[in-house]
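Student: Note that the sequence shown ends on residue 138 in the UniProt record's numbering; no numbers are left out.
These aren't lab readings, by the way, just hints derived from the structure by calculation.
Note that beta-carbon positions come from the ideal geometry of N, C-alpha and C, so glycine has one too.
Mixed in with the good hints there might be a few duds.
[What the hints assert, rightly or not] Dumping the calculated DSSO-like pairs for lysine-lysine here, alpha-carbon to alpha-carbon at most 30 angstroms:
| hint | residue 1 | residue 2 |
| --- | --- | --- |
| 1 | K9 | K85 |
| 2 | K85 | K33 |
| 3 | K33 | K9 |
| 4 | K35 | K122 |
[What the hints assert, rightly or not] Listed next, with one range per pair, are the computed distances between beta-carbon atoms:
| hint | residue 1 | residue 2 | range |
| --- | --- | --- | --- |
| 5 | C104 | A28 | 19 to 29 angstroms |
| 6 | D138 | D74 | 13 to 23 angstroms |
| 7 | S121 | K85 | 14 to 24 angstroms |
| 8 | G89 | I69 | 10 to 20 angstroms |
| 9 | G13 | K36 | 22 to 32 angstroms |
| 10 | R110 | L39 | 35 to 45 angstroms |
| 11 | K35 | A61 | 16 to 26 angstroms |
| 12 | A51 | P106 | 49 to 59 angstroms |
| 13 | I107 | A51 | 39 to 49 angstroms |
| 14 | S95 | D74 | 16 to 26 angstroms |
| 15 | D12 | R110 | 40 to 50 angstroms |
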Amino acid sequence: MDPRAAFEKFSDGKSCLDIDDLSCAVWAIFGTKFKKQDLRDLMTQYCRPEAQGILLEAFLALVEERRRIYGDRDRALRLFSALDKHDNGFLDLRSFHEVCVETCRPIATRAHELFHDMDRSKSGVVTFSDFEAYLAGD
Numbered sequence: 001m002d003p004r005a006a007f008e009k010f011s012d013g014k015s016c017l018d019i020d021d022l023s024c025a026v027w028a029i030f031g032t033k034f035k036k037q038d039l040r041d042l043m044t045q046y047c048r049p050e051a052q053g054i055l056l057e058a059f060l061a062l063v064e065e066r067r068r069i070y071g072d073r074d075r076a077l078r079l080f081s082a083l084d085k086h087d088n089g090f091l092d093l094r095s096f097h098e099v100c101v102e103t104c105r106p107i108a109t110r111a112h113e114l115f116h117d118m119d120r121s122k123s124g125v126v127t128f129s130d131f132e133a134y135l136a137g138d
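From just these sequences and the hints, can you work out the full model?
Tutor: Pasting the structure below:
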């Protein structure tokens with residue numbers, strides 16, 4: 001989503017984004033939810049003391065900086081978000097298998113194996129870090 005459009009949509013006519021608005025706006029732009037602490041850090045970094053939230057110009061700068069930081073990660077974030085059908089911020093085996101069946105039946109036969117290859121920590125869930133490392137071949 002275009003950053004200006006996201007700002008307009010989620011600010012609800014206000015001149016700035018509060019932390020909840022920011023959460024929705026960055027999710028719409030980057031396709032993934034940010035952790036609350038990350039959102040608080042962004043609010044601290046980009047919110048002027050006299051403002052009630054992040055103004056449009058600061059929001060555009062934030063998006064530009066995040067896009068520079070993410071670079072290739074943006075594609076990985078979008079892929080991960082597409083697989084995270086319940087928007088949990090992680091993948092579990094059952095939902096991963098369901099997505100494979102719905103989108104690419106030939107891979108569904110190997111979903112269990114793929115999932116366990118991606119689950120680097122062997123925690124039973126695949127985090128974005130696990131997913132990113134798998135894509136990088138680490």
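Student: Hints first: check each against the structure and report whether it holds.
Tutor: Going through the hints against the structure:
1. K9 <-> K85: Holds, because 23 angstroms separates the two Cα atoms, which is no more than 30 angstroms.
2. K85 <-> K33: holds, 13 angstroms
3. K33 <-> K9: holds, 17 angstroms
4. K35 <-> K122: holds, 22 angstroms
5. C104 <-> A28: 19 to 29 angstroms: holds, 26 angstroms
6. D138 <-> D74: 13 to 23 angstroms: holds, 19 angstroms
7. S121 <-> K85: 14 to 24 angstroms: holds, 21 angstroms
8. G89 <-> I69: 10 to 20 angstroms: holds, 19 angstroms
9. G13 <-> K36: 22 to 32 angstroms: Given about 25 angstroms between the Cβ atoms, the range holds.
10. R110 <-> L39: 35 to 45 angstroms: holds, 36 angstroms
11. K35 <-> A61: 16 to 26 angstroms: Once the Cβ atoms are compared, 21 angstroms apart, the range 16 to 26 angstroms for A61 and K35 holds.
12. A51 <-> P106: 49 to 59 angstroms: holds, 52 angstroms
13. I107 <-> A51: 39 to 49 angstroms: holds, 48 angstroms
14. S95 <-> D74: 16 to 26 angstroms: holds, 23 angstroms
15. D12 <-> R110: 40 to 50 angstroms: holds, 45 angstroms
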